[in-house]
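Participant: Based on the sequences and whatever the hints tell you, model everything.
From first to last, the protein sequence lines stand for chains A and B. Under my numbering, the first residue of the first sequence is numbered 110, with each subsequent residue one higher. Under my numbering, the first residue of the second sequence is numbered 110, with each subsequent residue one higher.
Note that these hints are calculated values from the structure, not bench results. Some clues are possibly wrong.
Given that identical chains are not distinguished, each listed pair holds provided it fits within a single copy or across any two copies.
[Claimed, not checked] Straight line, CA to CA, 25 Å or less: simulated PhoX-like cross-link-like pairs of lysine-lysine:
(1) Lys-545 - Lys-243
(2) Lys-185 - Lys-433
(3) Lys-545 - Lys-392
(4) Lys-243 - Lys-392
(5) Lys-185 - Lys-392
(6) Lys-545 - Lys-433
(7) Lys-545 - Lys-185
(8) Lys-243 - Lys-185
From a predicted model like this one, the values you see are computed outputs, not experimental measurements.
Here is what each chain is made of, one letter per residue.
2 protein chains.
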Amino acid sequence: MSSQPPEAPSPHRVTVVGGGFAGLYAARSLGIDPEVRLTLVDRRNFHLFQPLLYQVATGALSPGDIAQPLRSVLRKQRNTTVILGEAIGLDPDRREVLMADGGPIAYDTLIVATGAHHTYFDHPEWASFAPGLKTVEDATEIRRRILIAFEAAEREAEPERRRAWMTFVLVGGGPTGVELAGALGEIAHDTLRRDFRAIHPGETRIILVEAMDRVLPTYPADRSASAQRQLERLGVEVRTRTRVIDIDESTVRVTGPDGAADEIPSRTVLWAAGVLTSSFGRKVAAATGAATDRAGRVVVGPDLTIPGHPEIFVVGDAAVEPWKEGHPTPGVAQGAIQGGRYAAQVIRRRILGRPYDPFRYSDHGDVAVIGRLSGVTNIGWLGPFGRQSGFTAWALWLGIHLVYLIGFSNRIVVLVRWAWTFLTHGRGTRLITGSKLLPQIEEPEPPVLAPMEPDGETSED
Amino acid sequence: MSSQPPEAPSPHRVTVVGGGFAGLYAARSLGIDPEVRLTLVDRRNFHLFQPLLYQVATGALSPGDIAQPLRSVLRKQRNTTVILGEAIGLDPDRREVLMADGGPIAYDTLIVATGAHHTYFDHPEWASFAPGLKTVEDATEIRRRILIAFEAAEREAEPERRRAWMTFVLVGGGPTGVELAGALGEIAHDTLRRDFRAIHPGETRIILVEAMDRVLPTYPADRSASAQRQLERLGVEVRTRTRVIDIDESTVRVTGPDGAADEIPSRTVLWAAGVLTSSFGRKVAAATGAATDRAGRVVVGPDLTIPGHPEIFVVGDAAVEPWKEGHPTPGVAQGAIQGGRYAAQVIRRRILGRPYDPFRYSDHGDVAVIGRLSGVTNIGWLGPFGRQSGFTAWALWLGIHLVYLIGFSNRIVVLVRWAWTFLTHGRGTRLITGSKLLPQIEEPEPPVLAPMEPDGETSED
Numbered sequence: 110m111s112s113q114p115p116e117a118p119s120p121h122r123v124t125v126v127g128g129g130f131a132g133l134y135a136a137r138s139l140g141i142d143p144e145v146r147l148t149l150v151d152r153r154n155f156h157l158f159q160p161l162l163y164q165v166a167t168g169a170l171s172p173g174d175i176a177q178p179l180r181s182v183l184r185k186q187r188n189t190t191v192i193l194g195e196a197i198g199l200d201p202d203r204r205e206v207l208m209a210d211g212g213p214i215a216y217d218t219l220i221v222a223t224g225a226h227h228t229y230f231d232h233p234e235w236a237s238f239a240p241g242l243k244t245v246e247d248a249t250e251i252r253r254r255i256l257i258a259f260e261a262a263e264r265e266a267e268p269e270r271r272r273a274w275m276t277f278v279l280v281g282g283g284p285t286g287v288e289l290a291g292a293l294g295e296i297a298h299d300t301l302r303r304d305f306r307a308i309h310p311g312e313t314r315i316i317l318v319e320a321m322d323r324v325l326p327t328y329p330a331d332r333s334a335s336a337q338r339q340l341e342r343l344g345v346e347v348r349t350r351t352r353v354i355d356i357d358e359s360t361v362r363v364t365g366p367d368g369a370a371d372e373i374p375s376r377t378v379l380w381a382a383g384v385l386t387s388s389f390g391r392k393v394a395a396a397t398g399a400a401t402d403r404a405g406r407v408v409v410g411p412d413l414t415i416p417g418h419p420e421i422f423v424v425g426d427a428a429v430e431p432w433k434e435g436h437p438t439p440g441v442a443q444g445a446i447q448g449g450r451y452a453a454q455v456i457r458r459r460i461l462g463r464p465y466d467p468f469r470y471s472d473h474g475d476v477a478v479i480g481r482l483s484g485v486t487n488i489g490w491l492g493p494f495g496r497q498s499g500f501t502a503w504a505l506w507l508g509i510h511l512v513y514l515i516g517f518s519n520r521i522v523v524l525v526r527w528a529w530t531f532l533t534h535g536r537g538t539r540l541i542t543g544s545k546l547l548p549q550i551e552e553p554e555p556p557v558l559a560p561m562e563p564d565g566e567t568s569e570d
Numbered sequence: 110m111s112s113q114p115p116e117a118p119s120p121h122r123v124t125v126v127g128g129g130f131a132g133l134y135a136a137r138s139l140g141i142d143p144e145v146r147l148t149l150v151d152r153r154n155f156h157l158f159q160p161l162l163y164q165v166a167t168g169a170l171s172p173g174d175i176a177q178p179l180r181s182v183l184r185k186q187r188n189t190t191v192i193l194g195e196a197i198g199l200d201p202d203r204r205e206v207l208m209a210d211g212g213p214i215a216y217d218t219l220i221v222a223t224g225a226h227h228t229y230f231d232h233p234e235w236a237s238f239a240p241g242l243k244t245v246e247d248a249t250e251i252r253r254r255i256l257i258a259f260e261a262a263e264r265e266a267e268p269e270r271r272r273a274w275m276t277f278v279l280v281g282g283g284p285t286g287v288e289l290a291g292a293l294g295e296i297a298h299d300t301l302r303r304d305f306r307a308i309h310p311g312e313t314r315i316i317l318v319e320a321m322d323r324v325l326p327t328y329p330a331d332r333s334a335s336a337q338r339q340l341e342r343l344g345v346e347v348r349t350r351t352r353v354i355d356i357d358e359s360t361v362r363v364t365g366p367d368g369a370a371d372e373i374p375s376r377t378v379l380w381a382a383g384v385l386t387s388s389f390g391r392k393v394a395a396a397t398g399a400a401t402d403r404a405g406r407v408v409v410g411p412d413l414t415i416p417g418h419p420e421i422f423v424v425g426d427a428a429v430e431p432w433k434e435g436h437p438t439p440g441v442a443q444g445a446i447q448g449g450r451y452a453a454q455v456i457r458r459r460i461l462g463r464p465y466d467p468f469r470y471s472d473h474g475d476v477a478v479i480g481r482l483s484g485v486t487n488i489g490w491l492g493p494f495g496r497q498s499g500f501t502a503w504a505l506w507l508g509i510h511l512v513y514l515i516g517f518s519n520r521i522v523v524l525v526r527w528a529w530t531f532l533t534h535g536r537g538t539r540l541i542t543g544s545k546l547l548p549q550i551e552e553p554e555p556p557v558l559a560p561m562e563p564d565g566e567t568s569e570d
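Facilitator: Below you can see the structure in the form of structure tokens.
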């Protein structure tokens, strides 16, 4: 690489903005360097294991099971300070991160790892009807909506309104949409049959809408076909080459492959489609003049720094490598982890005056789980064995997620919950929490118990 | 007993309002009776194990660990229907419970088990400054406030403001106040020292304010003294015979035993004092003309029914037995469980035309835990052995709570988290969630890292 290390006082001040996969793994990789004084800034006080967030949304896990306080994770790194605060701007000339609530934070090297959030592109009005899944609050809100829908259906006697409560539309056929659909299929098969009295599994409709010609579009075509078959076996209707044109409280409007419009009456729509770089990522691009793509991701060079700013790394979902052919880094956890570790390695090598190679993403493969005992894998380096379906994929997925989950007690707790869910078909964390706790039934309907004539007063005392 | 069973069609329709300890144990006791058609109504879709709620508030457990969906718990009772809905009134002549969102629910026998919520008596304005601990949302809100206080203190350089962030005032020296104080003492000793860089354990002040002359006033005096000693060992300031006269955002005003007023600068005040019967309980009293006490609890007869209404039981925290001398039923979980089971037994015996005894509360004893490895017990039937302190009390407490916790997977998960907390001194579920995620620091202060002069631009590319 031709970039020279920026001159720096000793210790070298590294500021990491964002405690997701990219930021946390960068911070951990730099934690043993006495030459580095590290500051990690995040708006949240915990690292969230996002690949399992859909399990919180579907009542299999608790938020606390997949989150770990950043202070705990980095407790033993004596060179590290964690700051709970919001980075709202960058002064690249003074090398300072501007904070919403406190003075600026100086850096010699900055690692931007602020990720992305979901976006509705030109339809911000859809946000209230179709929540996305990026934060713990998103997950508990989706969980609330799914559970309220079943409760409302249980009490709704009018068939059409009841059908709308039992119809779930998932927008986006990527891993999140597919895994949510699989979990909903499982709930419809198992939970409904056991826990409710008036509604029946056969009444549930789960519709997965994808604009491309197949689900899991980043996987090879045969993996997509396998995923679709497994979804259909769970009762999920997969509609590819279908675009959402409108969403409101009770209806989703789509256009299908033939261009024909269709209306789906549904009270529960979940958004697993577009993402947009976080606002700090966009501000970094503006302050440094860096190029961005349509999703606002910052275009980085071969060493994951902004061209002209070798002291600013952008890693994880906030960055994009459009110049990269063949193996661009995908927006998944392993891409973020590798990017964060790479940035840490470059910083160390620069301090030592050593050369370093450009970033090379090493694709360990993808695994998606589809309900109980099913899933697909796409693990290139394993050759034909890397293309598993069904039980093998499911078991692999379980193992990988347990290994990468942060926090030993979380691993045990998640294992216990999964074992329990597997053995009993139950989902233990089905809590309706927040402000709207009750289903809004349009008109009062008679309760499940038919009212009888009251008996005469027989009390005596 | 002289009351005759009310005439009833077969099956006998029993409606239980409230899925807390009293309602749930009543429902479970009636679950195997084919002569009974049972309806359980609750505003929430889960049973909450309230004795462990303070552990959610202090980051040791997740809400999902101590809650279980009511539908799951009662799944196997084929005679039982669970309705998620809010009971807003009673028509005792028609024998119907009126619902906020749906038609009325008819009953032959009604079990009112709607419990109590906290109250600020004549000071509703204190609610926003001093949250109480009754619901899952209360617990996550208290958790948020405690964690935000430490985060703010870590960033606050001005000593007085910092001291106010690190001062915690607990109002009420009953079990909840004592257990919260113990958990906070543990956090100050362990978590602070390990996870933060700028604040120190010695700076934390935890003040427990109790209007009576001792903490745990329902325990024997020597148990109260032992609890106070153990609290003081954890650094808790216990102020008995002290009344709160005002609370605002940054100050608590109290009058001490000598009548002198004092001001405590504190940003975090937690309310563990007064309780008031739920609104449905008060409506039942109004509709039936039943007498109530100052806390709104319904005065019940020896069979836990409302005088003149043998078909309406009031059990748990919603009821009071002022006529009972010596052993009135205390407002704790075991009182509610026994009341619920007793009501179920009376209903069964009435259906069979058998006689039944008046309700007799059997005091199994009390256990309160005070931080790590400490606690007090008061178990009368064990004689002198029933008065334990320290480790024995703590171990007993653990065992009892694990046995009564609903749900096998919850027991394992809680055991894992406790073992982990015990071994590592860590608290894994310290998540700041909700809407206000960041501490509100009054004025921007310099960050922990002193800003240095920016280096000259050295980038080249």
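Participant: Mind listing which of the numbered hints don't hold for this structure, in increasing order?
Facilitator: 2, 5, 6, 7, 8
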